[in-house]
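Novice: Sequence:
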Amino acid sequence: MLFMKGKPEEPKCGFSSEVIDILKKEKVPFGTFDILTNQNVREGLKKFSNWPTYPQLYLKGELLGGCDIITDMHKNNQLKEVFRDSGIETTDSIKGNTGNGNGDISSSTGLSSSLTSRLASLIASSPVMLFMKGEPEQPKCGFSRKVVEILQQEKVPFKSFDILTDDEVRQGLKVYSNWSSYPQLYIDNELIGGSDIVLEMQKSGELTRVLAEKGIIPKESLNDRLKKLISKSPVMLFMKGNPDAPRCGFSSKVVNALKEEDVSFGHFDILSDQEVREGLKKFSNWPTYPQLYYKGELVGGCDIILELKENGELKSTLSE
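First residue of the sequence shown? That's 1 in the working numbering, and the numbers climb one at a time after it.
Calculated directly from the structure, the hints in this document are not laboratory data.
You may find that some hints are simply not true.
Said to hold, decoys possible - Derived pair list, reagent style DSSO-like, types lysine-lysine, alpha-carbon separation capped at 27 Å: (1) Lys281 with Lys315; (2) Lys228 with Lys46; (3) Lys159 with Lys133; (4) Lys24 with Lys12; (5) Lys146 with Lys60; (6) Lys60 with Lys75; (7) Lys47 with Lys25; (8) Lys214 with Lys240; (9) Lys259 with Lys309; (10) Lys75 with Lys46; (11) Lys228 with Lys240.
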């Protein structure tokens, strides 16, 4: 069972697309669940599996891992062995045929070996590679412009290829990547996705994390990360659980107080990240949770919030 972003015929992230391709090559029957359709499943499974990212592949109820692990197991033929040991039948991948005048044909894509080699070389020409319409200085579609702006905002060095100048690359890359539209962003030879996915990753902080993990940008310090989280929303609540399912009475009381005062707020579940949980205590010099921030400044915990509400000062305090 694969928990992924999107569906097998239309994956919504490069990592999900890669695992789908591997399972198809292994000739394994599998079911999927699109975690973008259910926020409760999306967040709950992270805690259940103690695995913070997607996709997640399960075999007979046991987590095998995410994209990197599945890719490594596939390359080392371990995946085939695991399936066989579990009684799941697989067949060897069909060997490639030879095309007339085009060189060897890849069995997985149907592309000529020369084009496959060229595409792989282009993707590998920079740690961050963007296939777009136009050039960074003059994008020729809004989606390409959006991704360029995101990369520039994040101060990420990147190279680009204008797919409008080469129809062979334009059509071939769609097949090679199993991704039907442009732009396409690759990081360290892996497809990340298109405009919507890159934007979502930037908003969630996942883009910075991936770039730091790959060594493309310096790893963000804990203090810098905390400052970003605190300022993520004008009113920001660090709590146990989430507003729909608080996991302590104090967090529940603060959520109710904010809702009763019709205050919109962002939130962060400190149970999902031990580093943030312990680091924020020192950063704020406040030893307990929940903690409520307004415009980057600590307002206080449960007692202070309830006192402000009782005195009729909560909404005005959070709107000055």
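Novice: Which constraints among the numbered hints does this structure fail? Numbers only, ascending.
Specialist: Numbers 5, 7, 8, in rising order.
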